[in-house]
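Given the coordinates of chain S, work out where chain V should sit on it, guided by the hints.
There are 2 protein chains.
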Amino acid sequence: EAMDPDSVSKAFVQHYYQTFDSNRAALVGLYQDGSMLTFEGEKFGGPAAIAGKLGSLPFQQCQHKIDTVDCQPSGPQGGVLVFVSGTITTGPGEHPLKFSQMFHLLPAGGSFYVQNDMFRLNYG
Amino acid sequence: EAMDPDSVSKAFVQHYYQTFDSNRAALVGLYQDGSMLTFEGEKFGGPAAIAGKLGSLPFQQCQHKIDTVDCQPSGPQGGVLVFVSGTITTGPGEHPLKFSQMFHLLPAGGSFYVQNDMFRLNYG
Numbered sequence: 107e108a109m110d111p112d113s114v115s116k117a118f119v120q121h122y123y124q125t126f127d128s129n130r131a132a133l134v135g136l137y138q139d140g141s142m143l144t145f146e147g148e149k150f151g152g153p154a155a156i157a158g159k160l161g162s163l164p165f166q167q168c169q170h171k172i173d174t175v176d177c178q179p180s181g182p183q184g185g186v187l188v189f190v191s192g193t194i195t196t197g198p199g200e201h202p203l204k205f206s207q208m209f210h211l212l213p214a215g216g217s218f219y220v221q222n223d224m225f226r227l228n229y230g
Numbered sequence: 107e108a109m110d111p112d113s114v115s116k117a118f119v120q121h122y123y124q125t126f127d128s129n130r131a132a133l134v135g136l137y138q139d140g141s142m143l144t145f146e147g148e149k150f151g152g153p154a155a156i157a158g159k160l161g162s163l164p165f166q167q168c169q170h171k172i173d174t175v176d177c178q179p180s181g182p183q184g185g186v187l188v189f190v191s192g193t194i195t196t197g198p199g200e201h202p203l204k205f206s207q208m209f210h211l212l213p214a215g216g217s218f219y220v221q222n223d224m225f226r227l228n229y230g
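Just so you know, the protein sequences line up as chains S and V, in that order.
Reading the first sequence from the start, the letters are residues 107 to 230 in the working numbering.
Reading the second sequence from the start, the letters are residues 107 to 230 in the working numbering.
No wet-lab data here; the hints were simulated from the structure.
Be aware that a few hints might be false.
Which copy is meant is left open, because identical chains are indistinguishable; a pair holds if it fits in one copy or across any two.
Unchecked claim - Taking lysine-lysine and the DSSO-like style, the derived pairs with C-alpha atoms no more than 27 Å apart in a straight line are:
(1) K159 x K171
(2) K159 x K149
(3) K204 x K149
(4) K116 x K204
(5) K171 x K204
(6) K116 x K149
(7) K116 x K159
With the rest of the complex left out, here is chain S (with noise of 0.2 Å):
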């Protein structure tokens, strides 16, 4: 049975990003091998590739601040966009950047995996 894609997007969101902040490397777990991730305009496919530069981003820790959260279904294959602003903290003093990150979500075994991923900073 198909769960609306308000309640895949608001559980995913929550899962992507408390994994981001504690736990960087699982993000490995959410792409496939066709995944791709565009990060400020550098282009990245495949898990080991897109959680390579997740690893590689110069801070050791940081938090994400959800402030909107938009969804939509994405077609019959069941998919779902979710479209996310918000800001980033990368460590103790450091001020909040602002960004905002795009995610196709797609249906597999019960759950789903990110098949695209976009993310921009938005600067002052």
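Using the frame of chain S, we list chain V on its own:
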């Protein structure tokens, strides 16, 4: 023959914002019956409701300036995901407002239409 996502995205972004800024009512032709718009968290479905929302925005004239465009193919249907950031100015003397927007384009009849559209202002 399929156009590559970068070409589709570039052509779409140019066309969409130019139409928005010069002939807003004509945007109706970019959507089909199953299309969805989420505008600042409000949901609209189908070309009439979507064009109605865009036409009812509280300004007569506007100018979009695009800062970043990222795109990826969305899956086996030949769809394209487009992730845009930029500013919109809604009249002489008005301050530019920062926004992010994502589109999911699907092919139909040799062209592409907007299946999914989500817009958010990025407040300072």
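Consistency of the hints with the structure:
Taking identical chains as interchangeable, the C-alpha atoms of K159 and K171 lie at most 27 Å apart only when both belong to the same chain, with a minimum of 21 Å there against 30 Å between chains. In the homo-oligomer, the alpha carbons of K159 and K149 lie at most 27 Å apart inside one protomer (10 Å), although the nearest pairing across protomers, at 34 Å, exceeds that limit. In the homo-oligomer, the alpha carbons of K204 and K149 lie at most 27 Å apart both inside one protomer (21 Å) and across protomers (24 Å), since each shortest distance falls under that limit. Taking CA atoms no more than 27 Å apart as the test, K116 paired with K204 passes in both settings, with 20 Å inside one copy and 25 Å between copies.
Taking the closest pair of Cα atoms, K171 and K204 come within 27 Å of each other both inside a single copy (9 Å) and across two copies (19 Å). Proximity of K116 and K149 under a CA criterion of 27 Å is satisfied in both settings, with 26 Å inside one chain copy and 17 Å between copies. For the identical chains of this complex, K116 and K159 are neighbours both inside a copy (25 Å) and across copies (26 Å), given an alpha-carbon limit of 27 Å.
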